[in-house]
Amino acid sequence: MGSQPEDKAVFDTESGKEMVKELRASFVAGKTKSYEWKVSQLKAMLKMMEENEAQIIFALRDDLSKPELESSIYEIGMLKNSCRLALKEMKHWMKPEKAKTSLTTFPSTAEIVSEPLGVVLVISAWNYPFLLSLDPVVGAIAAGNAIVLKPSELAPATSSLLAKLIADYLDGSCIKVVEGAVPETTALLEQKWDKIFYTGNGRVARIVMAAAAKHLTPVVLELGGKSPVIVDSDIDLKVATRRIIAGKWGCNNGQACISPDYIITTKDYAVKLVDSFKCELEKFYGKNPLESKDLSRIVNSNHFDRLLKLLDEDKISSKIVHGGERDETNLKIAPTILLDVPKNSLIMKEEIFGPLLPIIMVDKLEGSFDVIKSLGGKPLAAYLFTNKTKLKAKFVAEVSAGGLVVNDTTVHLAEHNLPFGGVGDSGMGSYHGKFSFDAFSHKKAVLYRSFGGDSSLRYPPYTRGKLRLLQALLSGSVLRIIRALLGC
Amino acid sequence: MEETIAELRETFRSGTTKSVSWRKKQLKALLDLVNENEDSIFNALDQDLGKSRVESYRDEVGVVKKSATYSLSCLDKWVAPKKGEVPLLFFPAKAEVMPEPLGVVLIFSSWNFPISLALDPLIGAISAGNTVLIKPSELAPACLSFLVQTIPQYLDNKAIKVIGGGADVGERLLELKWDKIFFTGSPRVGRLVMTAAAKHLTPVTLELGGKCPAIVDNTLSNPSKAKVTAKRIVGGKWGPCTGQACIAIDYVLVEEKLASTLIDILKKYIKRFYGDNLKELKSISRIVNKNQFQRLVNLLKDPHVASSVVYGGSVDEEKLVIEPTILLDPPLDSEIMNEEIFGPLLPIITLKNIEESIEFINSKPKPLVIYAFTEDKAFKKRILSETSSGSVTFNDSMVQFLCDSLPFGGVGQSGFGRYHGKYSFDTFSHEKAVLHRAFYPELEPRYPPWTNFKLMFIKLAYGFNYFGLMLLMLGFKKS
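Chains as they are written, first to last, in numbering that gives the first Met the number 0: chain A, 0 to 487; chain B, 0 to 478.
Everything labelled a hint here was simulated from the structure, so no lab data went into it.
Errors might be hidden in some of the hints.
Derived lysine-lysine pairs resembling DSS-like cross-links, with alpha carbons at most 30 Å apart [to be verified]:
id: 1; chain 1: B; residue 1: K82; chain 2: A; residue 2: K348
id: 2; chain 1: B; residue 1: K82; chain 2: A; residue 2: K97
id: 3; chain 1: B; residue 1: K23; chain 2: A; residue 2: K393
id: 4; chain 1: A; residue 1: K389; chain 2: B; residue 2: K76
id: 5; chain 1: A; residue 1: K87; chain 2: B; residue 2: K93
id: 6; chain 1: A; residue 1: K277; chain 2: A; residue 2: K363
id: 7; chain 1: A; residue 1: K30; chain 2: A; residue 2: K213
id: 8; chain 1: A; residue 1: K387; chain 2: B; residue 2: K76
Using the sequences plus the hints, can you model the full thing?
Here you go:
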């Protein structure tokens, strides 16, 4: 019998169990807890990027026709920054944090110690398939965990590149990649993890959390929503327009969780805004945006059809004021702007996640807050362009979203001192910078007491005097304590 | 029930709870509630659990007062946005993290500390500016009806509500969409809560339990330290609700040769604290109900377990009292060594060498607390780095609960999320990131059409390589 090429083994529940067992053994052996190991892994990740930048860019072009600059900056550049920051700050993050103790527990010292959760699962998305896979992994490594990464199957070139590179560069006994689709993800979700970090959509997030609930596994869910942009009339229109374009079409052609989803502006200003968009869009992408190399394509025909459905809905296509062109063969849709779509249209109901930008008009700009609330759900991000201090203050106080930016879009992603995460339907938990380290750590409270200073009032038999002393002690008031001790 | 949540949502929308002065008013009213009804609270706790006044004050009334007072004094600080530093590249920009309430929250409290486990999370929820529905456990009925009656008398009824009822009410509540669920109870119900929350993507905090071990090393050889150790173990086992507490000591680990010393001194303090006559036990709670009583009695039914009892063991079914009981080395595969005891039975497990306790603890799910009575610095370090638990307390029991600067919560099977002090405020808040930018200066390289120059520029910018950027702009760097 001749040798046959082995079919790639199916990854099922048994395989999942085995994998978790192996990783748990590595974790228990203490491998991932060592500072040196963490440094070696993060350095290896940097090396991996340096030596394979071209392949990564190529895979992203394969999966998404992502422009080289977007790949280089938003995927690779941002990940490099994450690694560098972790390498620089990790020692500091790992240090126990001193906690204050009060008179009530005197004498004592207290601290909060960070420890890894154990074996964690990272499930990532298809739109920034490289960054969203490895950025959480950086946090998990820094915190000292063993990791399984499940990249999205909708970005297959990147998924298989990740599997290869991680096997080549990182410690395979502690960090593994599982490729696949629903069956493999299901097999993974049946296992007991110490944390699950999921980036994606609300529908699958519910499945992830329900699976986690069976094992009481805590989760971080990085989802999305309809990120609004409120545009006032007293601004530098050119700068604002460019920043909105950069955040919308400059980010994977609108397929990003924090892309501006729709705009709200006043009736009086809308036309000016549309003209400004037309002007700047042409500068950025030329007269034939379908041929511009600087725009990603739509990831696959499913999403392509989904987006066309939003455009072709009855009464919606007449609202297009710019764009609308499509190229089905190459899965491209041109930057499209719609004006005054009805609020109950499909395009205003679900997260667009594509190159369509509806503009909603209000009489007075203050009315935009009600529009946002009426759409329901809290988005991942919200943006406001204005110079009015009062409006800024109202915006920050009243609009609930994962993160807010005034006078720009999406850049808060790069600010690692800010937690990046959602609220309500846009998710729970956060990461970036130290928040990544914290997301994958357990903060263990430690109280040190000594044998001295033991007072009998803690112990029965209980007497009135002890009760009064206890009351005084709990109040923390020195005067009360003295009085109780003196029995007065 | 839908009406209740609709009203709470409407109240939240109206902005009432966002006002800091409203929150302070509610916290002060809660203090009044507790101060003016102390006797009723003591009576209710006595009725439900046979708790003595001192225990009720220490674990329930006092805790709530302390929490409310602390929150009142810190609230202004907590609601203030936290400034973040912004790198030069973003100049001029301002970054801050703003805490905001999550909205309408649901608090499930359990029966063993029916007042503090309902009101302590409530304090956090109010401080953070939410509207709240509390569902206290029906297994502590006197306290439940106390809360149902008095809370509307003192607190803003449109924003803070209490609902009675049993598991069926709990199930129906879980079908609705909340902005946060805070649950204290068993892992089994914790799973149900989280599964229900998943349908609405509702974040949860689960305060569960586990088998909290107490490690005792040769500090026992020192008589005065042995005394303190024994008192603290006895106080940490039978003191809180006769062992029916998530942070009660579940079992003790000690070296073989010190076991009898330990047992003798534990017996001494049990007798001194509680008496040694089952019919006349003082200063100790009783078992909450017949179910729990039967469950505990069943743990002793196994003949190998029964034969390991070295002190106590008698039960009074009518009064639902089980006397403080010590067991020496019950079989490790018995139920009593595999599920959370939650009662007045204390197994003592002996080891050849106390360092083995680390492996022993690691063979079980992560507990809420690990207690260790030792002065050996190296051993303390090993315990901290080689075991995992919600928290660790050295040389004492229970008191970490009073420390507002320490987060109180579990890990693994003992739960996730945390509260107490500022952590209570945080657990009911969303920390919103806010970045303020200016229109100028404008960085042209941000925008397409892309060129190599722009690529180089952004690469340098991302590396915060300001010098390189300068060189590039001056034309000294090739793009």
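Going down the list of hints, with the structure as the test:
no. : hint                 : in the structure
1   : K82(B) with K348(A)  : violated, 35 Å
2   : K82(B) with K97(A)   : holds, 21 Å
3   : K23(B) with K393(A)  : holds, 23 Å
4   : K389(A) with K76(B)  : holds, 23 Å
5   : K87(A) with K93(B)   : holds, 23 Å
6   : K277(A) with K363(A) : holds, 24 Å
7   : K30(A) with K213(A)  : holds, 28 Å
8   : K387(A) with K76(B)  : holds, 27 Å
Taken one by one, the earlier hints fail for this structure only at number 1.
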